[in-house]
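If you're matching positions, the sequence shown starts at 1 in the numbering used here and goes up one per residue.
What the hints contain is simulated information worked out from the structure, not anything from laboratory work.
Hints are supplied without guarantee of correctness; some may be wrong.
[Claimed, not checked] Mimicking BS3-like on lysine-lysine, the simulated pairs with C-alpha atoms at most 27 Å apart in a straight line are:
no.	residue 1	residue 2
1	K177	K143
2	K37	K188
3	K188	K177
4	K188	K143
5	K235	K177
Keep in mind the model is a prediction, meaning the values are calculated, not measured.
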Amino acid sequence: MDVQRQPNHARTFCGRRAFSTLGCGELELDEAMAIAKRYGIACIELRTVGGSVDLPSHLASRYRTPEAFGAAVAAMPARVTSLGTSMQLANNSEQSRAEFLAYVGWAEACGAETLRVFDGGMAADSSEIEAAVSTWRWWQSLKSAHGWNVDVVIETHDAFAVEANLLRLLDAIPDCKLLWDAHHTWRKGQSEPTRTWELVRDRVQHIHIKDSVADAACAAGYRYVLPGDGALPMKDLLAALYRDSYAGILSLEWERHWHPELPTLEQALDAADLHGWWPR
Numbered sequence: 001m002d003v004q005r006q007p008n009h010a011r012t013f014c015g016r017r018a019f020s021t022l023g024c025g026e027l028e029l030d031e032a033m034a035i036a037k038r039y040g041i042a043c044i045e046l047r048t049v050g051g052s053v054d055l056p057s058h059l060a061s062r063y064r065t066p067e068a069f070g071a072a073v074a075a076m077p078a079r080v081t082s083l084g085t086s087m088q089l090a091n092n093s094e095q096s097r098a099e100f101l102a103y104v105g106w107a108e109a110c111g112a113e114t115l116r117v118f119d120g121g122m123a124a125d126s127s128e129i130e131a132a133v134s135t136w137r138w139w140q141s142l143k144s145a146h147g148w149n150v151d152v153v154i155e156t157h158d159a160f161a162v163e164a165n166l167l168r169l170l171d172a173i174p175d176c177k178l179l180w181d182a183h184h185t186w187r188k189g190q191s192e193p194t195r196t197w198e199l200v201r202d203r204v205q206h207i208h209i210k211d212s213v214a215d216a217a218c219a220a221g222y223r224y225v226l227p228g229d230g231a232l233p234m235k236d237l238l239a240a241l242y243r244d245s246y247a248g249i250l251s252l253e254w255e256r257h258w259h260p261e262l263p264t265l266e267q268a269l270d271a272a273d274l275h276g277w278w279p280r
């Protein structure tokens with residue numbers, strides 16, 4: 001039986017809690033790490049640091065070399081588990097691929113497990129799936145040739161946040177792993193998280209969670225709120241993760257960098273703990 005699917009009768013969370021630095025994007029890495037230490041969070045994923053989403057340039061300005069960056073991270077209280085890139089699997093260019101590859105040395109140096117790429121796409125049709133497969137093969141060829149340890153994880157963010165589209169993508173790339181944004185497949189794809197989990201759990205390495213309420217006044221049709229104040233059926237999702245002994249990353253993606261009107265990351269973490277919204 002797969003490790004992630006063994007019954008968990010003890011109600012022990014087998015995974016690792018994390019947060020994305022999108023929630024505190026103005027901070028430097030050591031300041032974000034201090035938040036992780038204060039809340040007992042073992043991992044962070046880097047998307048923004050010092051106000052910048054261009055991580056390679058910012059890290060070079062702060063640490064000069066990947067080796068120095070890796071040494072600094074090794075002395076910090078939490079692990080960097082993933083670096084968030086902007087590349088889209090289903091639609092990219094030579095320039096976006098080059099920008100993506102600039103992340104590899106930094107990820108290798110700090111021991112990050114994954115480089116996040118977006119699924120991309122607008123129609124999730126056969127041409128976009130073929131493009132995604134081509135990008136995946138390009139990456140796997142480079143990874144093998146260079147002996148890199150870090151691997152790509154695909155986030156359900158765009159056209160493949162719709163469950164049926166996602167399943168076709170997974171069929172086309174049977175060796176890929178997912179960063180499942182449980183909120184997006186629920187809000188954008190209109191699929192209950194526990195249902196999606198049942199279908200994709202063997203491919204999930206990393207999960208993004210956040211909360212929201214329906215709001216017709218917002219362009220997306222919903223508005224982010226503090227964890228526990230929204231409608232995401234988190235209790236049911238957590239029960240499924242406990243039951244199946246999910247051993248990956250469970251990360252609060254608090255999107256304050258893109259939505260500066262949101263409360264602080266610390267307020268979001270406090271709310272998550274207060275409501276018992278995620279494991280302690």
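Comparing the hints with the structure gives:
1. K177 x K143: Cα-Cα ~15 Å, so holds.
2. K37 x K188: It is violated: about 33 Å lies between the C-alpha atoms, which goes past 27 Å.
3. K188 x K177: 20 Å, holds
4. K188 x K143: Distance of about 32 Å is beyond 27 Å: violated.
5. K235 x K177: Holds - the C-alpha atoms of K177 and K235 are around 24 Å apart, at most 27 Å.
Going down the numbered hints, you'll see the structure goes against 2 and 4, while the others check out.
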